[in-house]
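K.L.:
What follows is each chain in one-letter form.
2 protein chains.
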Amino acid sequence: MQELYVIKIGGNIIDNAGKLNSFLQQFSKIKGKKILVHGGGKLATDLAEKMSLPQQMVDGRRITDAETLKVVTMVYAGYINKNMVAQLQAEGCDAIGMTGADGNLVLAHKRIHSNIDYGFAGDVDEINSELLNFLLEQNLTVVVAPITHDKKGQLLNTNADTMAQEIAKALSKLYQVTLVYSFEKNGVLMNAEDDSTVIAKLDTNKYKQLKEEKVIFAGMIPKLDNAFTALGTGVSKVIIGKAEKLEQLISGDSGTTLLMKA
Amino acid sequence: MQELYVIKIGGNIIDNAGKLNSFLQQFSKIKGKKILVHGGGKLATDLAEKMSLPQQMVDGRRITDAETLKVVTMVYAGYINKNMVAQLQAEGCDAIGMTGADGNLVLAHKRIHSNIDYGFAGDVDEINSELLNFLLEQNLTVVVAPITHDKKGQLLNTNADTMAQEIAKALSKLYQVTLVYSFEKNGVLMNAEDDSTVIAKLDTNKYKQLKEEKVIFAGMIPKLDNAFTALGTGVSKVIIGKAEKLEQLISGDSGTTLLMKA
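Top to bottom, those sequences are chains A and B.
Going by our numbering, the first residue of the first sequence is number 26, and it counts up by one from there.
Going by our numbering, the first residue of the second sequence is number 26, and it counts up by one from there.
Don't read these hints as lab results, they were simulated from the structure.
Don't take each hint at face value.
Identical copies carry no separate label here, and so any pair may be met within one copy or between two of them.
In silico DSBU-like pairs for lysine-lysine, Cα to Cα no more than 30 Å straight-line [said to hold, decoys possible]:
#	residue 1	residue 2
1	K177	K270
2	K270	K236
3	K44	K135
4	K198	K44
5	K54	K177
6	K198	K75
7	K176	K198
Make a model of the complete structure from these sequences and hints.
P.N.:
Printed below as a string of structure tokens:
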């Protein structure tokens, strides 16, 4: 099977022009097929603030009312996605930006939760791997913004980590997929305050233990749950680490590599 | 040659949910291959106002400084493009939204003008008709936002009428192209104040005469110049008329049809 890299870029990289540029340069140098999935929460929060639109987060997830949906659609699918595409084009990488609505790429439904109304938040139902594969075969690099739709005309705000995991999983039937979660830290850390304490290899047993010991907590838990789900459902390799070290992440010289068992 | 419709939607339709929906329903019913090009200036002006960003227009063209470029990228490529795509998907039309940066669809350069600095305004150099044709062959309907790039990483704000004309022209080598400019009026009018005074057929001679008599003026002149350029360079048919009457525009029962000579 041919190799495919599904790379998520998030955290505080997207709003830092220098770091983002370094990441995109390294990304465009990856040989072979690749997909980039981006977040951009901080820039969305900034725009909401400029528009005097109060934002509410529950467990790191944004409550997406109609006006907030408009903001995230503008920021993710418009500003961030198109600037990344233009920068990748400048690096000689033939990028095409998409949301889940485009070509019905990611079908989702409005999240139903027993006691929290997340508003227009989408949970993924299906990835159009046929279309993705078809674009990849044309040597296009797909850049995915975390906006989905319900095929009834409604856009939905969707977690970018989950989007990356679902895309990686769906394409693992056609490719040997490496999923990279890149962000502002060096990897999964033993001490969240110390970027030098990277856990080089993390398996499911150790993960369970570190969660119990509260060494791993907060936002890292949904990220790692997503990552282990991917690994358990066909994805060959999952690596977590610093965006500006993308090259070393892929070569195995940086970051945390996840493993299914010890 | 196979038929292709290139349809521009603009004016005060895009910010009117009811009219836009009626247009999109009719658009999705057009049989065969089609491309939609949209503007959205009014919504961009609204967002700029919310962000306290003063806007400056010269001859109907927006002066695009860095912050304004951000606004139009968010509004055109994000909000408008993705909502249209989601609505078309709901109508069973397999739409994919793109800017000129995506897949290097529309290459442009920053406008150079002897005495006006338009800022990040782009003039079109080249259409990637190979990619467009390739997507059309997959029965995808391409929805184009009027944002281009210079392949050096810079996004550029581009006139949507011109985008439609350039796309129509480029694809006329592969298809028999009908170009429709749809907006809030019934067509080219003898009396700009009276929507019942549509000129059913307008040829180049009559156009020249009506311009001299100042019957045709202001924003209609660049629109018609674009339209006649298209007609003179391979496009089979150009029709101008009301967006909510798209079906009748295409059947020839409404709007103004342009002709090369009397």
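K.L.:
Hint by hint, say whether it matches the structure.
P.N.:
Okay, the hints, checked on the actual structure:
{"no.": "1", "hint": "K177 with K270", "in the structure": "between (41 Å within a copy, 24 Å between copies)"}
{"no.": "2", "hint": "K270 with K236", "in the structure": "within (26 Å within a copy, 61 Å between copies)"}
{"no.": "3", "hint": "K44 with K135", "in the structure": "between (34 Å within a copy, 26 Å between copies)"}
{"no.": "4", "hint": "K198 with K44", "in the structure": "neither (33 Å within a copy, 43 Å between copies)"}
{"no.": "5", "hint": "K54 with K177", "in the structure": "between (38 Å within a copy, 16 Å between copies)"}
{"no.": "6", "hint": "K198 with K75", "in the structure": "neither (44 Å within a copy, 47 Å between copies)"}
{"no.": "7", "hint": "K176 with K198", "in the structure": "within (24 Å within a copy, 34 Å between copies)"}
Violation of the numbered hints given earlier is confined to hints 4, 6; the remaining hints are satisfied by the structure.
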